[in-house]
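Visitor: Heads up: the sequence lines are chains A and B, in that order. For the first sequence, my numbering begins at 1 and goes up steadily by one. For the second sequence, my numbering begins at 1001 and goes up steadily by one.
Calculated from the structure, these hints are not laboratory results. Ideal Cβ positions, reconstructed from N, Cα and C, are used throughout, including at glycine. Please note that the accuracy of each hint is not assured.
[Stated by the list, open to error] Here are the in silico distance ranges between beta carbons for each label pair: (1) A:Leu35 to B:Leu1041: 49 to 57 Å; (2) B:Met1037 to A:Glu112: 29 to 37 Å; (3) A:Leu35 to B:Val1297: 45 to 53 Å; (4) B:Leu1041 to A:Phe17: 29 to 37 Å; (5) B:Lys1059 to A:Phe49: 38 to 46 Å; (6) A:Phe49 to B:Lys1226: 30 to 38 Å; (7) B:Val1297 to A:Thr158: 46 to 54 Å; (8) A:Phe45 to B:Arg1156: 50 to 58 Å; (9) B:Leu1190 to A:Phe45: 49 to 57 Å; (10) A:Ser89 to B:Phe1258: 18 to 26 Å.
[As the list claims (entries may be wrong)] Pairs of lysine-lysine, BS3-like flavour, derived with a Cα cap of 30 Å: (11) A:Lys165 to A:Lys110; (12) A:Lys139 to B:Lys1246; (13) A:Lys139 to B:Lys1053; (14) A:Lys102 to B:Lys1053; (15) A:Lys110 to B:Lys1250; (16) A:Lys6 to B:Lys1053; (17) B:Lys1191 to B:Lys1226; (18) A:Lys102 to A:Lys139; (19) B:Lys1246 to A:Lys102; (20) B:Lys1246 to A:Lys110; (21) A:Lys139 to A:Lys168; (22) B:Lys1005 to A:Lys110; (23) A:Lys110 to B:Lys1059; (24) B:Lys1246 to A:Lys135; (25) B:Lys1226 to A:Lys6; (26) B:Lys1226 to A:Lys165; (27) B:Lys1160 to A:Lys5; (28) B:Lys1250 to A:Lys168; (29) B:Lys1062 to A:Lys139; (30) A:Lys118 to A:Lys135; (31) B:Lys1059 to A:Lys118; (32) B:Lys1226 to B:Lys1250; (33) A:Lys118 to B:Lys1062.
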Amino acid sequence: MVKVKKFFISAFIVFNFLIMARVHLPLDVKFFSTLYAPVDTYTRFFSTFQDWMMFAPNPSRTNYELSAEIEFTDGSRDSWSFPKASELSIVGKYFYGERYRKFISEGVRKHENNFMWKDTARFALRMIGETHYNKIPSKVHLYRHWEDVPLLSDGMRTHGTRPDKLSKFRFFTHEVM
Amino acid sequence: MLSYKTFLNRWDRFFFRPEPVEGIAVFRMIWCFLLLMYLFLDIGNINDFYGPKAILSLKTIKDQFNYPHMNLFHLFGDSIGVVTLMMWIYGLALFCGLIGFRTRTALVVALVCMVSFHQRNIWLLSSSEVLMRSIMILMVFSPAGNALSVDSMLARLNSKQLPRDCSPWVVRLIQIQISVVYLWTFWHKLKGDQWIDGTAVYYATRLSNMTNLPVPILLDNLFLIKLMTWGTLILEFSLGTLVWFKEFRKPLIFAGVFFHLGIEYMMSIPFFELIMIALLINFFSPIEIRDYVMGYVARVKEVIRSSTITDDLKSRILILLN
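The whole structure should be built from the sequences, with the hints applied where relevant.
Guide: Now the structure itself:
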């Protein structure tokens, strides 16, 4: 009984090794892709892909922000910025600042994640709408803002300095109705 | 050359030779406490991240995850009532895990709730949460409730004793997992020119949305920045490899704790550093932790013996503390 138990535990240990090693294996090779079919089913089920690429291979050099502009049927406009971690207190950063940063910089700004855009626009509409409940919205525009940290060779930026000016690009328009 | 039999013997000794459970029990308490704090901070996010008016709708998530995955929201919907109830259940499970009441069941429930919340919108999350899920899966299989727990007290009241020495395979897997985190990130960083030329810390600390508290002078001096960049590489490699050697283990654990506290101070990466610090506890040997715990328990017993409470109550409490 003990031997059987040890066998299954050992198999689970090896299974975990396979999960950990996945990121370094050539999965385009038939042997590995077949081997990893059950492993991937498990990792997808729990979302435990282990690439561990914190600040690697290089740290990002770009600050990203996101804003929305809403057009109302009466021709007026208003805008709303998604929370910026840089403007939040430590408590705010812990509560939700990092979540929004992650969502903006690695999620919604990317074209391959365009499935998020409509929901994000509607979310902004709800946020702006809370203060314009008497107006009828017609369009919501989403803007990404970004700034590349200047190269060190162009001079050192003092720690804690906020970027002066961010580039701006409208990447999505949601027609309300 | 290593013979097959020798390999099996070493495997057996490494993963299955019984060790005290106090180490994993202490880790269980710290782990559940951290996750409870995380959940507490998340309560304010019900509307924005989880409810029916969240930044991503449940339908969008469902369309993207077109494969089997754990997410109770697909079963029960994302109404505020469901989200709130799940937070309560999750919190209760973590609290039971913390005090060690029905420990394994509590950890299973906590795992299911945690994964569901995480998969409700995975794009909000980072490495911290991947670690949470990976470790929680392992914790479910551990004997973490066999010591420092209500379960063990209840067993003693029934004149039973839960095993205090168990196979440490879960602890070993957690240790390997920690090493893998450090080694993989070290390996990926070696491919980046900024880590090699010593400027990576400069760029990482200039991301305004990731800056936490100001660090004047230290982060404005190129020589110190380069030292920090290369020091990070050396430390991450050491924490992935040398920490397994007796001679380096304790100094590296303490170096790792200071390293993560430093990042916590400088950068806004909520919970990742705290989680890594908590995980490093697993590199203390279970015997060291047992000795520490027993020393503490002995002091508590001494206080109880010298107290003025009735002898009957004293003996009952002392049984619980054995």
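Visitor: Each of the hints needs a verdict: does it hold here or not?
Guide: Hint check:
no.	hint	verdict
1	A:Leu35 to B:Leu1041: 49 to 57 Å	40 Å, violated
2	B:Met1037 to A:Glu112: 29 to 37 Å	34 Å, holds
3	A:Leu35 to B:Val1297: 45 to 53 Å	48 Å, holds
4	B:Leu1041 to A:Phe17: 29 to 37 Å	34 Å, holds
5	B:Lys1059 to A:Phe49: 38 to 46 Å	24 Å, violated
6	A:Phe49 to B:Lys1226: 30 to 38 Å	32 Å, holds
7	B:Val1297 to A:Thr158: 46 to 54 Å	51 Å, holds
8	A:Phe45 to B:Arg1156: 50 to 58 Å	38 Å, violated
9	B:Leu1190 to A:Phe45: 49 to 57 Å	32 Å, violated
10	A:Ser89 to B:Phe1258: 18 to 26 Å	25 Å, holds
11	A:Lys165 to A:Lys110	21 Å, holds
12	A:Lys139 to B:Lys1246	64 Å, violated
13	A:Lys139 to B:Lys1053	19 Å, holds
14	A:Lys102 to B:Lys1053	19 Å, holds
15	A:Lys110 to B:Lys1250	43 Å, violated
16	A:Lys6 to B:Lys1053	48 Å, violated
17	B:Lys1191 to B:Lys1226	17 Å, holds
18	A:Lys102 to A:Lys139	26 Å, holds
19	B:Lys1246 to A:Lys102	39 Å, violated
20	B:Lys1246 to A:Lys110	46 Å, violated
21	A:Lys139 to A:Lys168	18 Å, holds
22	B:Lys1005 to A:Lys110	53 Å, violated
23	A:Lys110 to B:Lys1059	20 Å, holds
24	B:Lys1246 to A:Lys135	69 Å, violated
25	B:Lys1226 to A:Lys6	48 Å, violated
26	B:Lys1226 to A:Lys165	28 Å, holds
27	B:Lys1160 to A:Lys5	24 Å, holds
28	B:Lys1250 to A:Lys168	50 Å, violated
29	B:Lys1062 to A:Lys139	26 Å, holds
30	A:Lys118 to A:Lys135	20 Å, holds
31	B:Lys1059 to A:Lys118	12 Å, holds
32	B:Lys1226 to B:Lys1250	26 Å, holds
33	A:Lys118 to B:Lys1062	15 Å, holds
Of the hints listed earlier, those the structure fails to meet are numbers 1, 5, 8, 9, 12, 15, 16, 19, 20, 22, 24, 25 and 28, in rising order.
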